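Trainee: One-letter residues, chain by chain:
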Amino acid sequence: MIPPAAFVAMAALLFILGIIAFFVKKDLLTQFMAVEVMLNAGNLAFLALAKALGRADGQMVVLFVITVAAAEAVIGLAIIVLIFRQRRSIRTDDLKDLKG
Amino acid sequence: MALVIFIVLSVLCAGAVVAMIASRNQAHNALFLVLAFSSLGGLFGLLDAPFAAVVQVLVYAGAIMVLFLFAIMMFNLRQPVPPERKRLRAILGTGLAVILFAQLILAGRRALAEGSAAAAFSGGDIAHLGRLLFSDYLYAFEITSLLILAALVGALALAGKKEGE
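For the protein sequence lines, the chains are A and B, in the order given. Here the first sequence is numbered in this note's numbering, starting from 1 and rising by one per residue. Here the second sequence is numbered in this note's numbering, starting from 1 and rising by one per residue.
Hints in this document: simulated from the structure, not taken from any laboratory. Worth double-checking, as some hints may not be accurate.
Covered stretches of chain B, as calculated for chain A (at least 3 residues, CB under 8 Å) [stated by the list, open to error]:
| # | region |
| --- | --- |
| 1 | 25-39 |
| 2 | 146-158 |
The following residues of chain A were derived to be distant from chain B, with all beta-carbon distances above 12 Å [stated by the list, open to error]:
| # | residue |
| --- | --- |
| 3 | Asp27 |
| 4 | Leu95 |
| 5 | Leu98 |
| 6 | Lys99 |
Since we're looking at a predicted model, the values are computed, not measured. For each residue, glycine too, the CB sits at the ideal point set by N, CA and C.
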């Protein structure tokens with residue numbers, strides 16, 4: 001029997017790994033993958049607490065999160081493809097129009 | 001036994017994400033994430049959530065990451081990503097992450113301390129999940145279908161245009 005705290009700690013670790021990846025990486029695609037990692041960390045926390053509290057709501061939220069993540073991935077990738085077509089680059093260093 | 005599985009899957013998952021941070025090849029990054037999400041599906045299974053585990057492997061490790069791989073194929077980035085020069089960004093990101101980790105651990109401890117309620121629901125009861133989905137969560141479920149339709153149309157409108165239009 002694994003304590004739920006272990007799963008919650010794992011979710012926190014996964015979330016900050018996603019944060020670090022988001023800040024360290026400099027291309028849009030990998031940063032987008034880092035966002036997916038963070039979403040999954042949230043899912044893990046929901047499931048761990050659903051089990052700890054003996055409620056089904058956590059599992060329902062996870063289903064909706066996965067659905068929304070799929071829709072978000074489609075739109076995000078479409079936007080990245082569009083940026084690549086216009087700029088021939090998806091590196092964030094090359095996208096600094098707003099920097100005065 | 002379950003503890004051994006938990007440790008192996010956790011190390012695999014965290015290790016794959018760390019490898020993603022270290023690697024500079026985008027295709028490798030996507031494959032590392034497939035590994036991470038698959039082992040995360042195993043963790044979901046350990047949490048008595050077989051349905052979420054299956055959906056995780058099918059939708060995340062399967063569909064979404066394959067979508068990423070297709071996008072990487074479209075970009076066809078011949079030149080490798082040059083090494084990151086600025087260490088400042090890494091240091092700031094790590095500092096922020098450490099602070100956030102402490103906050104998350106505190107929040108998780110409080111959430112676990114509040115409810116040690118008697119477990120009325122066992123996660124393996126998928127019939128119960130289905131009943132909830134079409135009763136309490138009916139509106140959310142229906143709105144989700146609209147969301148997916150909007151995403152479909154939006155993706156076509158954004159990326160479906162011919163080049164140069």
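Trainee: Each of the hints needs a verdict: does it hold here or not?
Mentor: Hints, one by one, checked against the model:
{"no.": "1", "hint": "25-39", "result": "holds (count 6)"}
{"no.": "2", "hint": "146-158", "result": "holds (count 8)"}
{"no.": "3", "hint": "Asp27", "result": "6 Å, violated"}
{"no.": "4", "hint": "Leu95", "result": "14 Å, holds"}
{"no.": "5", "hint": "Leu98", "result": "17 Å, holds"}
{"no.": "6", "hint": "Lys99", "result": "14 Å, holds"}
Hint check: a violation occurs at hint 3 only; the rest are consistent with the structure.
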